[in-house]
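A.B. asks: Protein chains in written order, with the numbering used here: chain C, 1 to 393; chain V, 394 to 476.
If you're looking for bench data, these hints aren't it; they were derived computationally from the structure.
Treat each hint with caution, since some may be false.
Below, a list of computed lysine to aspartate or glutamate pairs in the EDC-like style, where the Cα atoms sit at most 16 Å apart [to be verified]:
{"id": "1", "chain 1": "C", "residue 1": "386", "chain 2": "V", "residue 2": "448"}
{"id": "2", "chain 1": "C", "residue 1": "194", "chain 2": "C", "residue 2": "229"}
{"id": "3", "chain 1": "V", "residue 1": "454", "chain 2": "C", "residue 2": "307"}
{"id": "4", "chain 1": "C", "residue 1": "299", "chain 2": "C", "residue 2": "9"}
{"id": "5", "chain 1": "C", "residue 1": "386", "chain 2": "V", "residue 2": "445"}
{"id": "6", "chain 1": "C", "residue 1": "291", "chain 2": "C", "residue 2": "67"}
{"id": "7", "chain 1": "C", "residue 1": "299", "chain 2": "C", "residue 2": "112"}
{"id": "8", "chain 1": "C", "residue 1": "386", "chain 2": "V", "residue 2": "439"}
{"id": "9", "chain 1": "C", "residue 1": "187", "chain 2": "C", "residue 2": "112"}
{"id": "10", "chain 1": "C", "residue 1": "348", "chain 2": "C", "residue 2": "28"}
{"id": "11", "chain 1": "C", "residue 1": "225", "chain 2": "C", "residue 2": "102"}
{"id": "12", "chain 1": "C", "residue 1": "305", "chain 2": "C", "residue 2": "98"}
{"id": "13", "chain 1": "V", "residue 1": "471", "chain 2": "V", "residue 2": "439"}
{"id": "14", "chain 1": "C", "residue 1": "186", "chain 2": "C", "residue 2": "229"}
{"id": "15", "chain 1": "C", "residue 1": "214", "chain 2": "C", "residue 2": "229"}
{"id": "16", "chain 1": "C", "residue 1": "187", "chain 2": "C", "residue 2": "216"}
{"id": "17", "chain 1": "V", "residue 1": "454", "chain 2": "C", "residue 2": "229"}
{"id": "18", "chain 1": "V", "residue 1": "454", "chain 2": "C", "residue 2": "309"}
{"id": "19", "chain 1": "C", "residue 1": "291", "chain 2": "C", "residue 2": "329"}
{"id": "20", "chain 1": "C", "residue 1": "225", "chain 2": "V", "residue 2": "420"}
These are the residues of each chain, in order.
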Amino acid sequence: MSLPAFATDMTLGARARRVAEVAAENADRVDQEARFPAEAVDAMKAERLLGIQVPVSFGGEGASIPEIAEVCTILGQACAASAMVFAMHQIKVSSLVEHGGDSEWHRDFMRELCARQLLVASATTEGGIGGNLRNSICAIEIDGNICRLTKDATVISYGAHADVIMVTSRAHADATPGDQVMTVFKKNQYTLEKTVDWDTLGMRGTCSDGFIFKGEAPAAQIFPKPFAEIAAQSMLASSHLLWSAVWYGIAADAVLRAQAFVRAAARKANGAQPPGVVRLAEASNLLQLLKANILSGLKVYADAKADLDQLSSMAFSIAMNNVKLASSETILVIINQAMIICGIMGYKNGTPYSLGRHLRDAHSAQLMISNDRILGNTSTMLLVQKPDTSLLG
Amino acid sequence: MNETIRELLARVGGLPVAVTELEDAADLYAAGLSSFASVQLMLAIEEAFDIEFPDSLLNRKSFASISAIEQTVAQILKAREAA
Numbered sequence: 001m002s003l004p005a006f007a008t009d010m011t012l013g014a015r016a017r018r019v020a021e022v023a024a025e026n027a028d029r030v031d032q033e034a035r036f037p038a039e040a041v042d043a044m045k046a047e048r049l050l051g052i053q054v055p056v057s058f059g060g061e062g063a064s065i066p067e068i069a070e071v072c073t074i075l076g077q078a079c080a081a082s083a084m085v086f087a088m089h090q091i092k093v094s095s096l097v098e099h100g101g102d103s104e105w106h107r108d109f110m111r112e113l114c115a116r117q118l119l120v121a122s123a124t125t126e127g128g129i130g131g132n133l134r135n136s137i138c139a140i141e142i143d144g145n146i147c148r149l150t151k152d153a154t155v156i157s158y159g160a161h162a163d164v165i166m167v168t169s170r171a172h173a174d175a176t177p178g179d180q181v182m183t184v185f186k187k188n189q190y191t192l193e194k195t196v197d198w199d200t201l202g203m204r205g206t207c208s209d210g211f212i213f214k215g216e217a218p219a220a221q222i223f224p225k226p227f228a229e230i231a232a233q234s235m236l237a238s239s240h241l242l243w244s245a246v247w248y249g250i251a252a253d254a255v256l257r258a259q260a261f262v263r264a265a266a267r268k269a270n271g272a273q274p275p276g277v278v279r280l281a282e283a284s285n286l287l288q289l290l291k292a293n294i295l296s297g298l299k300v301y302a303d304a305k306a307d308l309d310q311l312s313s314m315a316f317s318i319a320m321n322n323v324k325l326a327s328s329e330t331i332l333v334i335i336n337q338a339m340i341i342c343g344i345m346g347y348k349n350g351t352p353y354s355l356g357r358h359l360r361d362a363h364s365a366q367l368m369i370s371n372d373r374i375l376g377n378t379s380t381m382l383l384v385q386k387p388d389t390s391l392l393g
Numbered sequence: 394m395n396e397t398i399r400e401l402l403a404r405v406g407g408l409p410v411a412v413t414e415l416e417d418a419a420d421l422y423a424a425g426l427s428s429f430a431s432v433q434l435m436l437a438i439e440e441a442f443d444i445e446f447p448d449s450l451l452n453r454k455s456f457a458s459i460s461a462i463e464q465t466v467a468q469i470l471k472a473r474e475a476a
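Can you make the complete structure from the sequences, with help from the hints?
C.D. replies: So, in structure tokens, the structure goes:
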């Protein structure tokens, strides 16, 4: 028996890059066929990336949100749909990690998630609520130790491919629409009847079909905290930050492609610069702005995590909303610049400089939680909130 | 103060239940107070008591119930007296 010549690099970055390689190989097919990125998700499981956020004491690696954001960015440069599946899974795991620690069932479930590398999906959207995830029509029915739920879930991203779905509902039959809970359902505890097909401009591989969800599970699987707290204290921040990290990855890859195009053109023209070269500098400038925006958001979240009052404050919500608004809008400008630089080679599919998929995927950013809704929420808060105008504060 | 807060809550809170039926400690969000209505309520309270909520008190907890609002307002009034 001989020892291997070199050990496999097991740092988080190296594991993410190996998954990204698999994701990149399949990205165009996933997009064309609007199919689930099964190879990339299998690679995530093989590299054991699905449980990294779970604390070490419950079988995970205790990865921080900034570390997970970095993985999202690495994957986002390869295949936006795979990266978004990973991000959405981690957003659900953040609810478990932040709000499930007090419940024995949820602690055991975290161990199971890590051991079996379970992929978690989310069913927050419902027909008739107008896209506001903080309202539910369906109500969970509690019957002794059992809970039952039927939901007209018009969107469950990768619902058919998930091992677990976390579902929001009203807390009981008489609860107001905003009095919600979230419940964990495992695959053998629910049925899905497909109602809506996901045939979209971009992010096609997320397979965000609509379903009638019907579940029955032990009532212990209901999160012990109101969904309002979960939404404000972990979902808001992790969604906006991890989504932004994916989007940054898409834009960063577009800039890399544009730069490669400019470089190749400059070589051929014996050093003469192609017309788009100035735009490359502009795109690089915007990309840095985008990065700074996300990094500052990650810091605000890390600071606020130490203080529950700050986490549920208006200042914090506004800061997270602003991260999402800025990144979702800026990526479109950056990718468009890259497209103009690459010209027809960027517009065409199947060239090393193709940017069609990037641009189409990026268009989802301003719609997943509509920017107009977020602007409306922020402007309401600004009626009473006093902004901190310091530079470092 | 309790009465004024209840009057304002009835006027701008948009709750599906009568404010008279709410206990002081009842969870206003569970009773149906939306985030938009909670901001309207904050503005109305600022106007009625001639105060401004500092940013540190603009959180869910400060407005979770009628008694929480009372405590929040009392805290601001007390700080103003001390100043």
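A.B. asks: Hint by hint, note whether the structure agrees.
C.D. replies: Hints and how they fare:
1. C/386 with V/448: holds, 6 Å
2. C/194 with C/229: Not OK: residue 194 of chain C and residue 229 of chain C at ~30 Å, beyond 16 Å, violated.
3. V/454 with C/307: holds, 13 Å
4. C/299 with C/9: Answer violated: residue 299 of chain C to residue 9 of chain C is near 28 Å, above 16 Å.
5. C/386 with V/445: With Cα atoms ~10 Å apart, residue 386 of chain C and residue 445 of chain V stay inside 16 Å; holds.
6. C/291 with C/67: holds, 14 Å
7. C/299 with C/112: Between residue 299 of chain C and residue 112 of chain C the Cα gap is close to 30 Å, so the pair fails against 16 Å, i.e. violated.
8. C/386 with V/439: This hinted pair holds, its Cα atoms lying about 14 Å apart.
9. C/187 with C/112: holds, 13 Å
10. C/348 with C/28: holds, 13 Å
11. C/225 with C/102: holds, 9 Å
12. C/305 with C/98: Holds - the C-alpha atoms of residue 98 of chain C and residue 305 of chain C are around 10 Å apart, at most 16 Å.
13. V/471 with V/439: holds, 15 Å
14. C/186 with C/229: violated, 23 Å
15. C/214 with C/229: Measuring from Cα to Cα gives roughly 25 Å; hence the hint is violated.
16. C/187 with C/216: Status holds; Cα separation ~11 Å.
17. V/454 with C/229: holds, 10 Å
18. V/454 with C/309: This hinted pair holds, its Cα atoms lying about 8 Å apart.
19. C/291 with C/329: holds, 13 Å
20. C/225 with V/420: holds, 14 Å
The earlier numbered hints that this structure contradicts are 2, 4, 7, 14, 15.
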